[in-house]
Amino acid sequence: MLRFRQFVLLVSAALAGYISYNALNSPGDVLAEFDILALTADARNEIRAQYGGFFLVVALTLLASLFNLLKARTGLFIILITAGGVLTGRLLSLYFEGIEVWDSYSQTVQAFFLIDGLLVLFALIGLLGSRRSA
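The sequence shown: position 16 = 16 (this note's numbering), numbered continuously.
Just so you know, these hints were derived from the structure itself, not from any lab. Here a beta-carbon is modelled for each residue, glycine too, at the ideal position from N, C-alpha and C. Honestly, I wouldn't trust all of these hints.
Stated by the list, open to error - Okay, the calculated beta carbon distance ranges per label pair:
| no. | residue 1 | residue 2 | range |
| --- | --- | --- | --- |
| 1 | K71 | D35 | 37 to 47 Å |
| 2 | E46 | E97 | 20 to 30 Å |
| 3 | L121 | D35 | 39 to 49 Å |
| 4 | R3 | D42 | 39 to 49 Å |
| 5 | A43 | L128 | 16 to 26 Å |
| 6 | A38 | F7 | 35 to 45 Å |
| 7 | K71 | D42 | 33 to 43 Å |
| 8 | A49 | R3 | 30 to 40 Å |
| 9 | I115 | K71 | 18 to 28 Å |
| 10 | D103 | D42 | 27 to 37 Å |
| 11 | D35 | L118 | 24 to 34 Å |
| 12 | N45 | L128 | 38 to 48 Å |
| 13 | L37 | F96 | 14 to 24 Å |
Can you make the complete structure from the sequences, with help from the hints?
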């Protein structure tokens, strides 16, 4: 189970780092990915804050868990809270918009549903496994 938890932490840290890097370095590209055309200073700041800074801290926390500076359970809870919160927002958006909007979502957004769901599942498996082995 330890290797599984380490794998989940590593993959999640890499994903959070990737999101952070792109948001900090190219906020306009992130906005364009979602058809948001307002490339104002406010918009770039919000992308850098919400995606860049937040996911940078998430990635660093996950790496700290991976290298035993924090407990692995801490990192898994961070994944559960982060991915779970984002997945909840995605599902609520789908509910409010109606299921028929699914086909209008880009492949990127559709893939995010799967990625977020898998991260939640893997974090739960890691947490439940670490609970049994503790």
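Each hint, compared with the structure:
no. : hint                   : verdict
1   : K71 x D35: 37 to 47 Å  : holds (40 Å)
2   : E46 x E97: 20 to 30 Å  : holds (22 Å)
3   : L121 x D35: 39 to 49 Å : violated (29 Å)
4   : R3 x D42: 39 to 49 Å   : holds (44 Å)
5   : A43 x L128: 16 to 26 Å : violated (40 Å)
6   : A38 x F7: 35 to 45 Å   : holds (39 Å)
7   : K71 x D42: 33 to 43 Å  : holds (38 Å)
8   : A49 x R3: 30 to 40 Å   : holds (35 Å)
9   : I115 x K71: 18 to 28 Å : holds (25 Å)
10  : D103 x D42: 27 to 37 Å : holds (31 Å)
11  : D35 x L118: 24 to 34 Å : holds (25 Å)
12  : N45 x L128: 38 to 48 Å : holds (39 Å)
13  : L37 x F96: 14 to 24 Å  : holds (23 Å)
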